[in-house]
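> Residue-level listing of the chains:
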Amino acid sequence: MFNIILALANKRDIPIGEAVNISVTGIVVVMLVLALLAVLVLLLSKGIRAVESAAKKRNGKKADSESAEAKPAEPSKPVGTALPESASAGDLDLYNVDEKTAAVIMAIVSNESGIPLNRLLFKSIKAIEK
Amino acid sequence: MSVVNAIVEIFQESGFMSLSWQNWVMILVSFGLLYLAIVKKFEPLLLLPIAFGMLLVNIYPDIMADPLMMSSYEGTVDPNAHWYDAGVLRLIYAGVKSSIFPCLIFMAVGAMTDFGPLLANPMSLLLGAAAQLGIYVAFMIAILSGGLPFFDGFTAKEAASIAIIGGADGPTAIWLTSQLAPHLLGPIAVAAYSYMALIPLIQPPIMKLLTTKKEREIKMDQLRTVSKAEKIIFPIVVTVLCVLILPSVAPLLGMLMLGNLFRESGVTDRLSDTAQNALCNIVTILLGVTVGATAEGKTFLDLKTIAIIIIGLLAFAFSTAGGVLFAKLLNVITRGKINPLIGSAGVSAVPMAARVSQVEGRKYNPSNFLLMHAMGPNVAGVIGSAVAAGFLLMTFGK
Chain S
27 MFNIILALAN
37 KRDIPIGEAV
47 NISVTGIVVV
57 MLVLALLAVL
67 VLLLSKGIRA
77 VESAAKKRNG
87 KKADSESAEA
97 KPAEPSKPVG
107 TALPESASAG
117 DLDLYNVDEK
127 TAAVIMAIVS
137 NESGIPLNRL
147 LFKSIKAIEK
Chain R
2 MSVVNAIVEI
12 FQESGFMSLS
22 WQNWVMILVS
32 FGLLYLAIVK
42 KFEPLLLLPI
52 AFGMLLVNIY
62 PDIMADPLMM
72 SSYEGTVDPN
82 AHWYDAGVLR
92 LIYAGVKSSI
102 FPCLIFMAVG
112 AMTDFGPLLA
122 NPMSLLLGAA
132 AQLGIYVAFM
142 IAILSGGLPF
152 FDGFTAKEAA
162 SIAIIGGADG
172 PTAIWLTSQL
182 APHLLGPIAV
192 AAYSYMALIP
202 LIQPPIMKLL
212 TTKKEREIKM
222 DQLRTVSKAE
232 KIIFPIVVTV
242 LCVLILPSVA
252 PLLGMLMLGN
262 LFRESGVTDR
272 LSDTAQNALC
282 NIVTILLGVT
292 VGATAEGKTF
302 LDLKTIAIII
312 IGLLAFAFST
322 AGGVLFAKLL
332 NVITRGKINP
342 LIGSAGVSAV
352 PMAARVSQVE
362 GRKYNPSNFL
372 LMHAMGPNVA
382 GVIGSAVAAG
392 FLLMTFGK
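Chains S and R are the protein sequences, given in the same order. Heads up: the first sequence begins at 27 in this note's numbering, then just goes up one per residue. Heads up: the second sequence begins at 2 in this note's numbering, then just goes up one per residue.
These aren't lab readings, by the way, just hints derived from the structure by calculation. Just to be clear, a hint being listed does not mean it is correct.
As the list claims (entries may be wrong) - To give a feel for the contact side, a few chain R residues facing chain S, derived at Cβ under 7 Å:
#1 123
#2 152
#3 156
#4 216
Just so it is clear, CB atoms sit at the ideal spot from N, CA and C, and this is done for glycine as well.
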């Protein structure tokens, strides 16, 4: 054993003790640098996420306050003379339907939909042949 | 001149007569590597050009001729020679010798790497550090190998170059060796790349040996989403921190992080695309062929090469063990939240080592998906091996 150690000591350009020292220092340096990096990444991530969530909250609050402050848009004024509730606008084409039946159909649609007749626009009413 | 004489003369000047037995052995080795690359598909993008460079230089050694002794370590200087009289692969080899190719490859690796899994779990960095254990164990083995009878052993610079094989990072091994022990570049590069290709065979038995079935079945929580800002700031922070601590690591790590910034910044898509594809492919071809061409039989086949191959394998094994054991420790600390199989991915070799963790994990728990968890230590290993190389260069590069 002693001979081997002696032979090693003679042949090596660095002593074994120094080689061990370099190896241990080497792994410690790698661990330290990467551990430092890990801590930095952790802090950085937390910082960035905090900034991002604060910005999100700020934007959210701003949007809420803007929507609260904003006045509801005024309805556009009707142009021209308003139609009576019982009247309907536009031209209506009737196909094989008399005016009385057409008036009944329009009244039913208005009643069923809950929309006054003056806000409905009928284009045509066509009788379907059986 | 008779036809017979002409045929005899052609035969005498042919490679059949001029090649040594070492060249023939290396030609057979190159066939073996070509088989592994083409049939077994072991890292074919690297192994194929390396094997073909090896084949070329052993059939026609003058393809690496160096009459001006620009980068050779044996032979005589021809005073009448011009730089262009050198063999064509020797001229291309200047890119390896000057560390240009390894650094460009690192830029490409950076452009291809998503550090998201590492940012989502910074603990991965510790696994990437622990998996560098093999480097320092191999350094000690290389130094101690001088005690063997009939073996001269290695100098400290040679031992450091051999040890870096344990980083499982080809460009880093070439970069460090070309600066500390350029005469060993051939065997070290061939060993590093061959073992990287053989990771699916080397790692699983070690992973199995060091973990219990219960540990291998551990299912890990899903990683959080990483913001774009984190991904952009990360390469800048790593560059500043690591280069300030270990300035010698600047060429490798700087290029790695530059490539990554190309990818993540979102404003240099064209540069990122070039680094990931065209540039990477071009440099891989030139690097692979010329590294393979350094394995000329007469200089490659000796006792030192065999020792390098053995120590390289041990370095890989110890690095894998270091990563797995540290992951086991983290598993204990986090009370069963870390699957120790991801530790082996800390040996770089992106993404091969992470894939091995994924495949092994699914063998024991089919619903387990470890790939993204293993990518963290995997990319951390690239940084870890670069830092280890920087430390060795700082220690022995004077």
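> Of the hints given before, which are not true for this structure?
2, 4
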